[in-house]
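The hints should help you fit chain B onto chain A, whose structure is shown.
Residues per chain, in single letters:
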Amino acid sequence: MNSVRYKRLPGRIMGFVATPSAWLAGDHILIIGGSRFNETYQRVYLKDIRALILRKKTRFIFQWPYLFLIPALVTLLSSVLATRQSAGVVAFGLLLLVIGIGFATAQFGCVLYLNTAVGNVMVRSVASRITARRFIAAVTPVIESAQTRPPETT
Amino acid sequence: MAPTVSLTCPECGFELSHVFLETPDFQGCKVCGTELSVRAFPACFQAPETIQPADLFRGEEETSCFHHADKKAVDACSRCGKFLCALCSVEIGTELLCPECLIAGETKGADQSLERERTLYDSIAFAVAVITGITISLSILGAPAALYLVFRYWKRPSSIVRRWQWRKYAALIIALSEVGFWIFIFLSMFQQGRRGTTL
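Chains as they are written, first to last, in my numbering: chain A, 1 to 154; chain B, 1 to 199.
Same shape as in the complex, but just chain A:
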């Protein structure tokens, strides 16, 4: 069995069921979908990618670490900073802060597509424009070099 070395590309979603990710190999981008217990693979070859299309879209994806982060923040700050009377206010303020951050991240949401002759392949692991910019910066030189390289002669 041949073994391909993969390098993780920016963008990772730690959902409860699905954990999509994208990986870069020498000649292709591997898009992993499916669930925690069953992965599906989609390969897009670098020389086939015609364009990267970024679409603005409000997206908020709840990830499982948030479950621990919110109560941990509330407990920590209320125990350190607040007295018994103001603990509720601090908790409410934190909740509002978390909701605010949620809305802000949703506003910067996007969907990234790899455009090939066959169609647009969605990169599910990229959900924000900041991550998308990092993803594009990581793959652009590799795609350009794959497409400008002269064909191998035997």
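The hints are simulated quantities; they were obtained by calculation from the structure and are not laboratory data.
The beta-carbon is built from N, C-alpha and C at its ideal position, and this holds for glycine as well.
Some hints could be false.
Stretch by stretch, here's where chain A covers chain B in the computed footprint (C-beta under 8 Å, at least three residues) [unchecked claim]:
| no. | region |
| --- | --- |
| 1 | 6–19 |
| 2 | 66–73 |
| 3 | 141–149 |
| 4 | 159–169 |
| 5 | 173–184 |
Relative to the frame of chain A, chain B by itself:
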């Protein structure tokens, strides 16, 4: 340079204008108004491949494709050696395969570059061991189940991108600890029962 192929809006499927290729800034699709930013690559500006008269089989000094007798063979399959035309040869990594070898490799799972799906038995075993371990009482069933999954699928590869299969070893340790815990409980109960009868 104007692209030779058309890019379509992922939302409405309508063809995007050349304006999108001139700047990486977000612009609205003319039809649906979806804001898009496009980064085009050289493949977007290359002319699509068409069958040239030179691709046709002319007989005598040339070899024809195994599947298309009227077409000139340009390559041979890396696995079975069949002569193939440009249409029949599929490039997979460094190899050129014929459709038969491609299907055979995909169905047998012999080639990692053709795999489309994998079941992660190490993750299943780990989840079974941990989740049933948290409930304690369910671990009496969960631990043997996790051990079965670990040993049954010991040689089965995990994720295509993961090198280190820590979940398999963690599941094994957790499940063995749970089994040890239950053996200890049963032995304690048995010894207490014996002590009760001797008194």
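So, going through the hints one by one against the coordinates:
With 4 residues having a Cβ less than 8 Å from any Cβ of chain A, the region 6–19 of chain B passes the three-residue criterion, so the hint holds. Beta-carbon proximity to chain A at under 8 Å applies to 0 residues in the region 66–73 of chain B; the threshold of 3 is not reached and the given coverage is violated. Evaluation of the coverage hint for the region 141–149 of chain B: breached, as 0 residues show C-beta separations to chain A shorter than 8 Å, against a requirement of three. Note: the region 159–169 of chain B has 3 residues with beta-carbon separation from chain A under 8 Å; the three-residue rule is met and the coverage holds.
Counting residues of the region 173–184 of chain B whose beta carbon lies closer than 8 Å to any beta carbon of chain A gives 0, which falls below the threshold of three, so the coverage claim is violated.
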